[in-house]
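Undergrad: The chain contents come next:
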Amino acid sequence: MACETCTCIGEITDEQREKVREIIDYYEGKSGVLIQVLHEAQQVVGYLPREIQVMIAEGLDIPLSEVYSVVTFYALFSLKPKGRNVISVCKGTACYVKGVDAIMEKLGEDLGVKGEDTTDDGRFSVEIVRCMGACGLGPVVRVNEDIYARVKSDQIKVILDKYE
Amino acid sequence: MDMLTVTIDGNKVQVPAGSTILDAAHAAGVDIPTLCYLKDTNVVGVCRVCVVEVEGAKSLQAACVAPASDGMVVRTNTPAVREARRTVLELIISNHPYECLTCERSGNCELQALADRFNIREIEYEGEKHKFPVDSSSPSIVRDPNKCILCRRCVSVCQDTQSVCALAPNDRGFDTMVGPAFADDLMEAVCTMCGQCVLACPVGALTESDATEYVWAALADPTKHVVVQTAPAVRASIGEELGMPAGSRVTGQMVAALRRLGFDKVFDTDFTADLTIMEEGYELLERLKAGGVLPLITSCSPGWIKFIEHFFPDLLPHVSTCKSPQQMFGALAKTYYAEKAGIDPKDIYVVSIMPCTAKKFEAKRPEMTSSGYPDIDAVLTTRELGRMIREAGIDFPSLPAEDYDDPLGMSTGAAVIFGASGGVMEAALRTVYEVVTDSELENIDFEDVRGIEGCKEAQVDINGTVVNVAVTNGLKNARQLLERISKGDADYHFVEIMACPGGCIGGGGQPIPTDRETRLKRISAIYEEDRNMPLRKSHLNPQVQELYKEFLGEPLGEKSHELLHTHYVPRSRV
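For the record, the sequence lines run as chains A and B.
FYI, numbering that gives the first Met the number 0 numbers position 43 of the first sequence as 42, with every residue one higher than the one before it.
FYI, numbering that gives the first Met the number 0 numbers position 85 of the second sequence as 84, with every residue one higher than the one before it.
If we strip away everything but chain A, and leave its shape as in the complex, we get (with noise of 0.2 Å):
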């Protein structure tokens, strides 16, 4: 489906399609590659759309629902494009115990996403990870590089202000 109003995201080229062609071409016939190719395919796509999914099913002769399984199992795997910014929120135990649900919950109105999801504008993802080793700064926020420190909700608006 053609957007006339802005720029899609994540639409596939067809230099990305030709070197997902390679990586199943260079696993086909091997046995235990689905996750591999997964992940070598998400890093040349950024994500796995059906178009993807469907390839790696035909290509490698794996069933489609097999390939969607895994790729709704882990959480490595997205079925939609990353955005431009990625916050990554630790749910380790000590940003846990220090309050991260409220982070989560403000991070959710603000943006319109619930849990770990990307914004319609593709402007941000929003991702869970698991102790960033800096249990004594929880709660702890990452946006792309960046790293915030004990963070308090009233402060997600300044700091999303700062990513385009």
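Among the hints, erroneous ones may be present.
[What the hints assert, rightly or not] Once the Cα atoms are required to be at most 27 Å apart in a straight line, the calculated DSSO-like pairs of lysine-lysine come out as:
(1) B:K486 / A:K29
(2) A:K79 / B:K130
(3) B:K363 / A:K105
(4) A:K90 / B:K128
(5) A:K105 / B:K130
(6) A:K29 / B:K475
(7) B:K288 / B:K548
(8) A:K79 / B:K128
(9) A:K113 / B:K128
(10) B:K486 / B:K288
(11) B:K486 / A:K113
No lab work stands behind these hints: they were computed from the structure.
Assemble the complex: chain A is given as a structure, and chain B must be docked to it using the hints.
TA: Frame of chain A; chain B shown alone:
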């Protein structure tokens, strides 16, 4: 074989090495409850309803997967065990709709039965509940994921028994939903509509798409002439659906019950099974003579047809062009019978009683309208017919036996065995042998092709020509055979394939439970029915002979091609 001694609730039993605790308990006469366990099919230990105490073990063990060991002491009914089982059940029920009153599986639901057995009267957990859309896209199967308890029995059957892989668990944790990839509808997925998942489901998450209301409406419509046909396998299972022992032969009572429901004519799919043998037998002879594509593969099973369309479209030229007996019947009911009875075909409403969910899909295929009307108007499974008979208050077991109506009710023993794996092959051989040799076949029982084994083979000498045949049932077995044919490793002339394990007696529309034991009993009933028929070869069916004389002309003739033959469509593999 090494034997183990296991103590179950104080009683010592001997079981072979390799047994599970569940097997040992069974040997000791103790009924450990199970939910996700499906013998030989789904042995995964995920539901935890079968937990037991094992002396020396730190925690409770799932009896369905825990191996028994020599000297093991097991207790199956202690306070800790009862408490654990109750908690498991309460947690499952806490995310299960309280719709027992209106659920199709009420009274035959394994979760409901366990809730009753463990005296669960209230659920103290009030958690989130699923709200998934119900998938009623398919004319065969309805999927209600809200009722799903994630036991994965359907997944195992769909993947391992049938090798179809339309269903898989998607997402994780609380969000897990068993269904097709991308939450597609069954109609968009590679589903063959075989309905083996419906037989496997312990609850009401997978059911047939119920057509009884359409049939009741037609029966009540004075402008409709409503005729019914009964598939071979239904006479060996409808009694069971109505509370009689598995394998009860109730052909006459079934006919009587259908008349009491108000059908204007009670006919038999067996008539067109005999006709199928004539058409398919001649098709085989023609291919043998003219060097056509071999092996010829049977086309009666619509789940199998959709399977080859999805997964082996290149092999479609092997499939017989014969419509299934169900569709042949509909086409004749609205032409030959309409003419004979002087009824406008638009007023004829044809109902099929089938052991099958895929037959509902087949009836809706757009090409199945050769009379100018849909061949078939409504398809009911054995279970749906049982429902109608119960609703009408008919005391089925005490009905007097009645006979089918003429002319589409006459059949031979060769037709009734279509209901069991190997039956179409055996029926075809009985006829082809006599047509080719013009002499009587002495031993008409082809034991080699009978039974529930996955792949059966036989060789038959017909006038000096050795004909190699193979019979397979269950789609995974079919896949293996097709792969051999594809590679040129299979030197057969004629192959019978049925989608369901054991053939139609194990079809997706049959009584629940359908397991190995019930399949075997239904198969015995089918062959007993055959032995008791006065005629046992299709070409000797006098009404079929008359049909050719009066209407069709000859097998594979112009009229046959128009009404009784069809074509197939390649479908996507993903």
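Undergrad: The structure should be examined with respect to each hint, and the outcome stated for every one.
TA: Here is what the structure says about each hint:
{"no.": "1", "hint": "B:K486 / A:K29", "verdict": "holds, 20 Å"}
{"no.": "2", "hint": "A:K79 / B:K130", "verdict": "holds, 22 Å"}
{"no.": "3", "hint": "B:K363 / A:K105", "verdict": "violated, 51 Å"}
{"no.": "4", "hint": "A:K90 / B:K128", "verdict": "holds, 24 Å"}
{"no.": "5", "hint": "A:K105 / B:K130", "verdict": "holds, 25 Å"}
{"no.": "6", "hint": "A:K29 / B:K475", "verdict": "holds, 22 Å"}
{"no.": "7", "hint": "B:K288 / B:K548", "verdict": "holds, 25 Å"}
{"no.": "8", "hint": "A:K79 / B:K128", "verdict": "holds, 26 Å"}
{"no.": "9", "hint": "A:K113 / B:K128", "verdict": "holds, 17 Å"}
{"no.": "10", "hint": "B:K486 / B:K288", "verdict": "holds, 24 Å"}
{"no.": "11", "hint": "B:K486 / A:K113", "verdict": "violated, 51 Å"}
Hint compliance for this structure: hints 3 and 11 are broken, all remaining hints hold.
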